[in-house]
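Trainee: Using the sequences and the hints given, assemble the complete structure.
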Amino acid sequence: MSMAEWALQSRCHWCGGPFKDRLLNSVTVLACSTTRCFERQAAWKMLDRNGRLFYLPNPKLVELEEAIESQKYGAICIGGSRAGGKSIGLRRIAQRYVAKFHEFTVIFLRRTFPELQRNHCRFCPREAERLEAHYSSYKWTVNMTGGQIEFGHCQDPNDFAKYIGSEADLLIFDQIEMFTDQQVTELSASLGRIRRDGWRGLLLAGENPGGPLSSFVDELFISKTRDTKRYPDYNPDMYHFIPASLEDNPYVPNSYVQFLAGLEPIKRDMYRYGRRDRFPGQFFGDFDPAQHVSQ
Numbered sequence: 004m005s006m007a008e009w010a011l012q013s014r015c016h017w018c019g020g021p022f023k024d025r026l027l028n029s030v031t032v033l034a035c036s037t038t039r040c041f042e043r044q045a046a047w048k049m050l051d052r053n054g055r056l057f058y059l060p061n062p063k064l065v066e067l068e069e070a071i072e073s074q075k076y077g078a079i080c081i082g083g084s085r086a087g088g089k090s091i092g093l094r095r096i097a098q099r100y101v102a103k104f105h106e107f108t109v110i111f112l113r114r115t116f117p118e119l120q121r122n123h124c125r126f127c128p129r130e131a132e133r134l135e136a137h138y139s140s141y142k143w144t145v146n147m148t149g150g151q152i153e154f155g156h157c158q159d160p161n162d163f164a165k166y167i168g169s170e171a172d173l174l175i176f177d178q179i180e181m182f183t184d185q186q187v188t189e190l191s192a193s194l195g196r197i198r199r200d201g202w203r204g205l206l207l208a209g210e211n212p213g214g215p216l217s218s219f220v221d222e223l224f225i226s227k228t229r230d231t232k233r234y235p236d237y238n239p240d241m242y243h244f245i246p247a248s249l250e251d252n253p254y255v256p257n258s259y260v261q262f263l264a265g266l267e268p269i270k271r272d273m274y275r276y277g278r279r280d281r282f283p284g285q286f287f288g289d290f291d292p293a294q295h296v297s298q
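According to my numbering, the residues represented by the sequence shown are 4 to 298, in order.
To be clear, the hints were calculated from the coordinates, so they are not data collected in a lab.
Pairs of lysine-lysine, DSS-like flavour, derived with a Cα cap of 27 Å:
#1 K103 to K142
#2 K227 to K75
#3 K48 to K103
#4 K75 to K232
#5 K270 to K227
Label pairs and their computed distance ranges (CB to CB):
#6 T228 to N28: 37 to 47 Å
#7 L27 to S191: 33 to 43 Å
#8 M147 to E170: 17 to 27 Å
#9 N238 to Q120: 27 to 37 Å
#10 P268 to E170: 40 to 50 Å
#11 D200 to Y254: 34 to 44 Å
#12 E267 to Q12: 16 to 26 Å
#13 G20 to P117: 33 to 43 Å
Built from N, CA and C at the ideal position, the CB exists for glycine as well.
Mentor: The following block contains the structure:
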């Protein structure tokens, strides 16, 4: 594959138009060049304590926000290529809802502590100051609402046990494919106990192809082929999947794609294009549905 084919051309998922610099609440951002799409993005902006723009979701993350707000689903997963902005989007959603509802509770998890620290917690002190929140000992608290985000990990297989019995309005697994089936299913039971108008309780996940739980993600959210004999109450309508790609994130530099191009072919297809039919150890490593499957 030539480097030209690997070149990154970020485009609006809705209209196909390019992203351009726009001024929004005193901050220049990359947003869709089409007014209608830009207004749809701007409807989900977050402002800081001084009225300056704090966050503007890209179109795919807007779809995630809209799916949550619809209250149609009990579990939503956004997955695909690396660097699509998923981790930041998940943290912003947690910050949005603890500020929206009184005493709203979020459990926010990464599989390991170093990943939690590198991808989330190191940013929290500065973000808390801008959003009139307090961050200490891996807990984010909003002063006005009493809402709280508890950041944690499940580095050891039984680490989920420390959350058993907890009540949560929102449970977030960042990179859910790295957790175990037991960790996800056991912790999901902590959702929905708190009655709230306009909120049903939600499992929210970000995912990249590959990882121990990839088949679990597929059967729950994508193919929806969960074994109904083993799980007779599985309701596919409760699960929603949003595919995301590198093209959805206008802030990713083309140099990142060039680094991905240096990976061995199977991994680069997973990380660059979010392909689920490619994985390390695959028997037919050159399998491509577009070439090898007839309709």
